[in-house]
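So the protein lines, in turn, are chains A and B. Whatever position you read off the first sequence (first residue = 1), add 15 for the working numbering. Whatever position you read off the second sequence (first residue = 1), add 1024 for the working numbering.
Mixed in with the good hints, there may be bad ones.
Computed list of lysine to any residue pairs in SDA-like fashion (alpha-carbon distance at most 25 Å, straight line) [said to hold, decoys possible]:
hint, chain 1, residue 1, chain 2, residue 2
1, A, K27, B, N1117
2, A, K27, B, M1051
3, B, K1112, A, V197
4, A, K459, A, L400
5, B, K1066, A, D512
6, A, K459, A, P405
7, A, K109, B, K1116
8, B, K1116, A, D512
The set of hints was computed from the structure by calculation and includes no laboratory data. Predicted, not measured: the structure shown is a model, and the values here were computed from it.
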Amino acid sequence: MTETKRTSVGSKIILGLTLLFFYAPILYIILFSFNASRSLTTFTGFSLQWYEKMFANATMMESILYTVLIAVLATVLSTVIGTLTAIGLSKSRKIVQQLVERLNDLPVMNPEIVTAIGLLMFFSALAIRKGFLTMLLAHVMFCTPYVMLSVTPKLRSLDPNLTDAAMDLGATPMQAIMKVIVPQIRPGILSGALIAFTMSFDDFIISYFVTGNGVQNISILVYTMSKRVNPSINALSTLIIIMITFVLGIVNLVPILRSHTAKSERDPKKRRVMLAAIAAVLVVAIGVGAALGVGSAKARRQDAIEKYGSATLKLYITGEYLGENVISDFEKQYGVDVIIEYFDSNEMMYTKLQAGDSYDVVIPSDYMIELLMEQDQLQPLDHELLPNLPLLAEEVQNLPFDPDNTYAVPYFWGSVGIVYNEQNVDPEDVESQGWEVLRNTKYKGHTYVYDSERDSFMMAFKALGYSMNTSDPDEVREAYEWLLEMNNTMDPTYVTDEVIDGMISGEKDIAVVYSGDAAVILDENEDMRFWMPEEGTNIWYDCMVIMKNAENPLLAHEFINYMLTYEAAYDNAETVGYSSPNAEVLELMATDPDLYGENEAYLPRSGYELDESFENNQALKKMLADYWIKVKAAQG
Amino acid sequence: MKSFRRITYPYVAWILVMILAPMLLIMLYAFTTAGNEVTTFKFTLANFAKFLTDRDYIEVLIRSLVVAVETTAICLLLGYPIAYCLAKLPEKNNLLMILLITMPTWINMLVRTYAWMGILQDNGVINNILGWFGLGRVKMLYTDFAVILGMVYNFIPFMILQIHTSLAKMDKSLLEAANDLGANRTQAFLRVTLPLSLPGVISGITLVFLPAVSSFFIPKLLGGGQFVLVGNVIESRFLTAGDWNFGSAISLIMAVIIMLSMWLTRKVDATPASAGKE
C-alpha cells in the first residue's frame, strides 16, 4: 500500500508537468485572444474586438458547425468500420492482413498534400459535386487507419480462444464480437476514436482540396485567415476550448450526479450519457447553423434570380483581402448571397480550378491570369456591363498581359520592397546598396527573406541587373549563387506571412516585404521604414476575372462593377492596406495623412523602367523552385 | 471463422476505391512528364533519377528521417512514463486525464504553432522571464530545438494514448504472480509489464514516426524555412512550383523507404511479443 502511495505522488508531478507542457500554448492563445492590437506576440492591452469580429463573421460560425458535424460523423463511422474490420482481419489469412495493413499505412504516411491531390483527382474523375459529402468520405478514409492502428495491438494481446469459446457456447459471431471481444479491447477503441476525432477536427490540406461550394471547416478558415495575422483565430480557438470544456464538464458531472440517485450501473450508463451530451451539442450546433442560415433576406432574392438567373455568386479570393463590409453591402444592395472561398497561393487556386471546380469571380495575380488566358479558361468581359471601368486609376490601365481589360479588371496592386528598422540599420546602407543589403554581413542574423522562389529570385535577378523574366540558364545560375551566398553568410530567416508580426514586434531589422504588408507594419511600428531598391522591383497586379465555367456570369459582372465603385474600393483599401485600383480612392489614400498619406509604403512607384511584372513561364518556375529548395537546404 | 472474414470485405473494397485508386493516380504522375496541363502522358523515370542523383535532395531526405527518428525517440522516452502514470490512476480520473491530454490537439495546429512562436521568440515569453531574473536571451525560435519541440508537442499525445491503451486493463494478476515468485518491482516491470505493452509501443511509434517524416508546417514555421524537410519539398512541388510529377515521385520514394522501415519495426515487434505470450 505504501508503495502505491509513493508512486502516486511521483505520478502526480509527472502528470502535472505534462499538463503544463500541453497547456502553456493554450493559455497563450487564450491570453492573446484578448489582445488590443493585431499582434500575435506582443500584448498591448485588453480588448474584446476579436470576439466581436468573430461573432460578426457568419462564415466562421458556420465553419464551427461543419467541423463538429464532420468530426463526429467521421469518428463514429471510422470507429465502427475500423473496429469491425480489425476484428475480422485478426481472423483472416496472414496475407490479407498484411496487405490491408500496408495499404492502411498509406494515408498515415503520405504527406497530406499527396493524399489530397490523389483524392482531388479521384473525385473529379468521378464528377462528384464537392462539398459536405466528399469531405466526409475523405475524413472517414484517413481516420479509419488510425482506429485500426489503435485496435489491432489490443486484439493481438487477446486470447484467440475466447471467441471460439463464446461461439461454442452458442453465441452468434455478432454476439461474440459485441459481448466478448469489444469489452476486452475497449481502451483501444476509445483511443482510436479520440485520434480519429483529432485528425478530423484539425485537418486542413485534405479538407481544402476535397471540399467546395462554400463548405469550409475551421482549419481551412484559420489557414486562409492567418494570411494577414488575424487574432480572431485566437478568439475562435478560445471559443472551441470553452465548448470542449463545457462538454467534458457535462460528461464528467452527470455520472457523479446520477450516482447519487441510482447506484452504480457503471459503464453502459456512462456511454449513454456521453452520447446524450454529444447529441445535445450537435442539436445546439445545428440550431445555431439554422438560425444563421435563415438570416438572409428572402424576398429580394427572387428579384435577383429573375435578373441574373441565380442569386448566388461564388467568389474565390486570397484570405484577408476584402473590406470589412464590402461583401455584406453588396449582398444587401443586390439581394444575393456571396459564397467565398479562400486560397493561399495562386498555385493552390490553379490546382482547384484544374480539378474542374467552378467559381464565378476569381482574383489571381498577373502571371497566373496570363496562364489562364493561354489555356482559354477565362470569359471575355462584357464592357457594357462594366460602366465603372473608367474609374480605374491610370497606373493600372494598359497592363501588359491584358491591355484592354478584355479578361481582367484590377483589384489591388503593389510592389515588393525592403522594410528596415531605422534604429538599428543605417538608412544610407539600404538606399545605396538596395537588394545587396540583404547580403551585408553587418546585419547577419537580423534579416527576414520572403520564402518564395519567385520573390527571392526576383531580388537576386534585380541585384545582378537582369530581367526577372529571364530564361537564360546562366543568369538563373548566377542568381542562384547570389542567393546561396546570402544563405550561407547571413543566416536569414525565411518567412511568409509571419513577417508582418515579426517586423511589428521588431524581431528582425531588415525584411523583404510586399508593399501592402509593409504599410501595415509601418502603421504599427514607428521605427520601420520602407525602401524600393533602385535596381528595380516587382510591380504586381491582382485582377478580377470571370471563369469560363462560371455559373452566374451576369452577377459576376455586377460584382466586378461594384468593386470598382468608390465605396467598395475605399472599404477594401482602408481595411487591407494595398494600393487601390480606383483613381479617386488611390489619390485620397496616398495623400490624406489620416489614411496612408504619411505611409511611404502605400503608393508603389509607377513607370520606373527597371520595374517589371512576372510573366507566365512554367519552365522557369520549376527551375527556380528546384534552385530555391537547394538554397534553403544548403546549410542544414 | 468465415463469418469473421466476411466483415472485412466492405473495408477491403473501400480501401481499393478510396486509398488505392487515388494512389494509382499519384503513381501515374510520378512516372510521367506531361505535367498537370496536358492529357498526353509520356512514361519516364526522370523524376526519380532527378531526386536520387542529387546530393541536396538525398541530404534533405536523410535529415527528415533523422528528425523523425529523434522525435519518435523523445516521444517514446517521455510518453512511456506519462502513460504509465496515467494507467495507475483510478479509472474515473483516468478518462478525464486522457481527454485533457487529447484536448489541446483539437485546437488548430497552426494556431498552436503560432503560440509556440510567441513563447520561444527572441522577445517572447521565455526570454522575458529569463530577463526578469537578469539572465541573457537565448535564441530558441528558428533552431533545431524549436522544430523538435514543436513536433514532440504535436505528436506525443498519440504515443501516450497508444501506450496507455496497452497498459490499461492489463491483467494485474500477472504482476501479483511475478511478485509472489520473488520478482522485485523493476524485474516485474521489465519481464511482465514492458513485454505486454510492446504492441502499444509499436503502434505509438507508427503513429508518431509516419506523420513526423512528412510533416511540413512545423519545420516551416518553427525552423524559419531553413529547416527543409522532405515534406516541405513535396509540398512546394505541388503548391508553388506546380510540378506534380516530381512531387509524386518524391512521395513514392519516401513511401517505399518508410514501408521498409515499418516492415522492419514490425518484424522486431513480432519476435518479443510472441515470446512474451508463451
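Going down the list of hints, with the structure as the test:
Restraint check for K27 (chain A) and N1117 (chain B): the C-alpha separation of about 12 Å stays at or below 25 Å, so the hint holds. Proximity of K27 (chain A) to M1051 (chain B) is assessed by CA-CA distance (about 50 Å); at most 25 Å being required, the pair is judged violated. Pair hint K1112 (chain B) plus V197 (chain A) holds up; C-alpha atoms about 22 Å apart against a cutoff of 25 Å. For the given pair, K459 (chain A) sits about 54 Å from L400 (chain A) by alpha-carbon distance, which is inconsistent with the 25 Å threshold.
Of the pairs offered as hints, the one joining K1066 (chain B) and D512 (chain A) is violated, with about 38 Å between alpha carbons and a cut-off of 25 Å exceeded. This hinted pair does not check out: K459 (chain A) and P405 (chain A) have alpha carbons roughly 48 Å apart, beyond 25 Å. With a C-alpha separation of about 38 Å, the suggested pairing of K109 (chain A) with K1116 (chain B) is violated against the 25 Å cut-off. Between K1116 (chain B) and D512 (chain A) the alpha-carbon distance is near 44 Å, which puts this suggested pair outside the 25 Å criterion.
The structure fails to meet hints 2, 4, 5, 6, 7, 8 from the earlier list, while all remaining hints are met.
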